[in-house]
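Undergrad: Here is what each chain is made of, one letter per residue.
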Amino acid sequence: MENKAVLEVKDLAISFRTFEGKVQAVRGVNFSLNKGETLAIVGESGSGKSVSTKAINQLLPKKNTLIERGEILFEGKDLLKISEKEMQAVRGNDIAMIFQDPMTSLNPTMQVGKQIAEPIIAHKGVSKEEAKEKALELMDLVGIRDPKESYKNYPHQFSGGMRQRVMIAIALACEPKILIADEPTTALDVTIQAQILDLMNKLKKELDTSIIFITHDLGVVAQMADRVAVMYAGQIVEVGTADEIFYNPMHPYTWGLLASMPTLEVGQTDLYTIPGSPPNLLHPPEGDAFAARNAYAMEIDFHQEPDLFKVSDTHYAKTWLLHPDAPDVQPPLEVQRRKEKYQSLFSGQGQFNRIGGEAIGSRG
Amino acid sequence: MKKYIIKRLLTAIPVLLMISIGAFVMMNLAPGDPTDLYVTPDATPLQVEATRRALGLDQPYPVQYIRWLTRALQGDLGINYATRYPVLPILVSRIGPTIVLMGATLVVSYLIAIPLGILSARKHGTWVDNLLTGGAFVGVSIPNFFLGLGLIYIFSVQLSWFPTGGMSQLGGESSFLSVIHHLVLPVTVLSAFYIANMTRYMRATMIEVYGENYIRTATAKGLAAEVILTRHGIRNALIPVITIIGTDLPRLVGGAIVTEQIFQWPGLGRLTIMAIQQREYPMLMAITMLSAVVVLLANLLVDIMYAVVDPRIKFD
Numbered sequence: 003m004e005n006k007a008v009l010e011v012k013d014l015a016i017s018f019r020t021f022e023g024k025v026q027a028v029r030g031v032n033f034s035l036n037k038g039e040t041l042a043i044v045g046e047s048g049s050g051k052s053v054s055t056k057a058i059n060q061l062l063p064k065k066n067t068l069i070e071r072g073e074i075l076f077e078g079k080d081l082l083k084i085s086e087k088e089m090q091a092v093r094g095n096d097i098a099m100i101f102q103d104p105m106t107s108l109n110p111t112m113q114v115g116k117q118i119a120e121p122i123i124a125h126k127g128v129s130k131e132e133a134k135e136k137a138l139e140l141m142d143l144v145g146i147r148d149p150k151e152s153y154k155n156y157p158h159q160f161s162g163g164m165r166q167r168v169m170i171a172i173a174l175a176c177e178p179k180i181l182i183a184d185e186p187t188t189a190l191d192v193t194i195q196a197q198i199l200d201l202m203n204k205l206k207k208e209l210d211t212s213i214i215f216i217t218h219d220l221g222v223v224a225q226m227a228d229r230v231a232v233m234y235a236g237q238i239v240e241v242g243t244a245d246e247i248f249y250n251p252m253h254p255y256t257w258g259l260l261a262s263m264p265t266l267e268v269g270q271t272d273l274y275t276i277p278g279s280p281p282n283l284l285h286p287p288e289g290d291a292f293a294a295r296n297a298y299a300m301e302i303d304f305h306q307e308p309d310l311f312k313v314s315d316t317h318y319a320k321t322w323l324l325h326p327d328a329p330d331v332q333p334p335l336e337v338q339r340r341k342e343k344y345q346s347l348f349s350g351q352g353q354f355n356r357i358g359g360e361a362i363g364s365r366g
Numbered sequence: 310m311k312k313y314i315i316k317r318l319l320t321a322i323p324v325l326l327m328i329s330i331g332a333f334v335m336m337n338l339a340p341g342d343p344t345d346l347y348v349t350p351d352a353t354p355l356q357v358e359a360t361r362r363a364l365g366l367d368q369p370y371p372v373q374y375i376r377w378l379t380r381a382l383q384g385d386l387g388i389n390y391a392t393r394y395p396v397l398p399i400l401v402s403r404i405g406p407t408i409v410l411m412g413a414t415l416v417v418s419y420l421i422a423i424p425l426g427i428l429s430a431r432k433h434g435t436w437v438d439n440l441l442t443g444g445a446f447v448g449v450s451i452p453n454f455f456l457g458l459g460l461i462y463i464f465s466v467q468l469s470w471f472p473t474g475g476m477s478q479l480g481g482e483s484s485f486l487s488v489i490h491h492l493v494l495p496v497t498v499l500s501a502f503y504i505a506n507m508t509r510y511m512r513a514t515m516i517e518v519y520g521e522n523y524i525r526t527a528t529a530k531g532l533a534a535e536v537i538l539t540r541h542g543i544r545n546a547l548i549p550v551i552t553i554i555g556t557d558l559p560r561l562v563g564g565a566i567v568t569e570q571i572f573q574w575p576g577l578g579r580l581t582i583m584a585i586q587q588r589e590y591p592m593l594m595a596i597t598m599l600s601a602v603v604v605l606l607a608n609l610l611v612d613i614m615y616a617v618v619d620p621r622i623k624f625d
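Protein sequence lines, in the order shown, are assigned to chains V and B. With the first sequence counted from 1, adding 2 to any position gets you the working numbering. With the second sequence counted from 1, adding 309 to any position gets you the working numbering.
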């Protein structure tokens, strides 16, 4: 697995200088991305998921961002150490991004076709005509009607979903090795969201691109991800394959996230919520950052940060509950049901298969 | 587009009428009477009355206004009380020098201020930015008369580099170079404000534009900083800047009253001061109407420029 990783983030820590002091937005994050896989990073607002991925493409404001430590290895080179000029050659070419808000992410005074052709001209050294040809192909690929006509249109003539398609076309323009999608469907309504997700899945298969998918919508995760990393307070608290995270979660925070997901199952009345709010990262708490909100918290959680415990070769969780000395606890009912479903599927077959998104009542 | 322009020009007619009525009313509400300036202190009431009648001031105000309006529409803007010359040729002879002065000022100002504003924004928070912002603050704050007199003292009186005033050498030929020579000081004085103002504005808009998501998109595409600046930054920053240019344009004919006075520039500014002091009603009406027309045209021009720069704006 290690050898096919296209991207490795090692012990990344990022702070922001603010008037009040240093906010430790990302506190030692490790993850890797394999070729052709979709890694979903989930977590609530402020958990550091956007910051860690913006750091990959170095899109964080230089003025107040402090990369405390860590490495971002892409094809063997540390992106944090290369020059701005070298970084420009990576951005949009090897690592492209799609953003949350398609309504404001396109230049309002430039024809959309030109905006798609721009990165091609910048990276591929082709003529304007060739770039236009390629842009028209891309527009067709992402499902924009009548590319020739639409090429000359301006963003305001497009709907939100169409603009996001344009953004995807821009991101795919140079056939990047990695596509970072930062909540690409959050601003879109549900039917458009489904279309965009389908499109991304289709393109991923066709172009064999690795995707980092940032979201707080677990329904979307179920539909997209091969692997899932759960972030809380600037750290990854649990990482595993999508099945492992959805059907055999180990971290109480992951339990909380899953339990608070609406399902279509009969009998569910109240939606579970995680009490409290995330810690202020200006002064991160001692011990486990989630302890104060954690019904399963133990004495040690308030004093010592948990180690990352191995559950399987692909599954790790950062909670003292996995320590051999920890008491046996029962996760919330909702999570227990998931585990049962998983075990029944798992025991029936020699190896477990990917369980489709619809099984968990996704919103996608 | 054509339709839109015609519509705008037609709606300008009632606006101009309202302005002319307003100007007329205010002029007549102001204390004093032009006749006071054209009769000797010992004139009899009868003589005063005769002068008033000769100037047409004995008529009721509505009659005076209608008379002015019908003549003005035929191109007759009345006469100058003091010299008995028609207003129109005087006005026309003064427009040229003012346009030269203000045109030079605005061109110089924009050419300097727009790059400075962009530089300031790109260096946001550094000493370059602080220096430019500080300089702009001084430029906006310093009064024209003070700067003008200061420059005259230093560069004309002490150093004799530039003339103290006027548009060309007395008795000499008014060559192009001579005009430029005379322009330097007044343009410097006037530019101080415009440069400062536009630099601040350009800086603010550029900083705003650079906070926009589409700049982040452009960066994520891997474009070079210069490409992002020219293709994505400046064009979007120019949209609000056009508004400022639009409000500056009318000053081409009326922007330099104080400076023209200081530098004895033979333009509309000095003519305006003279007309006010001597209660030259027809001249004042003519200058007011000229300003009004220019303001309306400038607004129209701004709207057309918006449509050129911003594809979101369309005329129907």
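Be aware that a few hints might be false.
Looking from chain B toward chain V, a few residues come up when the C-beta cut is under 7 angstroms (computed) [unchecked claim]:
| hint | residue |
| --- | --- |
| 1 | Lys312 |
| 2 | Thr526 |
| 3 | Ala529 |
| 4 | His541 |
| 5 | Pro620 |
| 6 | Lys623 |
Don't read these hints as lab results, they were simulated from the structure. Yeah, the Cβ is synthetic: ideal placement off N, Cα and C, and Gly gets one too.
Undergrad: Each of the hints needs a verdict: does it hold here or not?
TA: How the hints compare with the structure:
no. : hint   : in the structure
1   : Lys312 : violated, 22 angstroms
2   : Thr526 : holds, 5 angstroms
3   : Ala529 : holds, 4 angstroms
4   : His541 : holds, 5 angstroms
5   : Pro620 : holds, 4 angstroms
6   : Lys623 : violated, 10 angstroms
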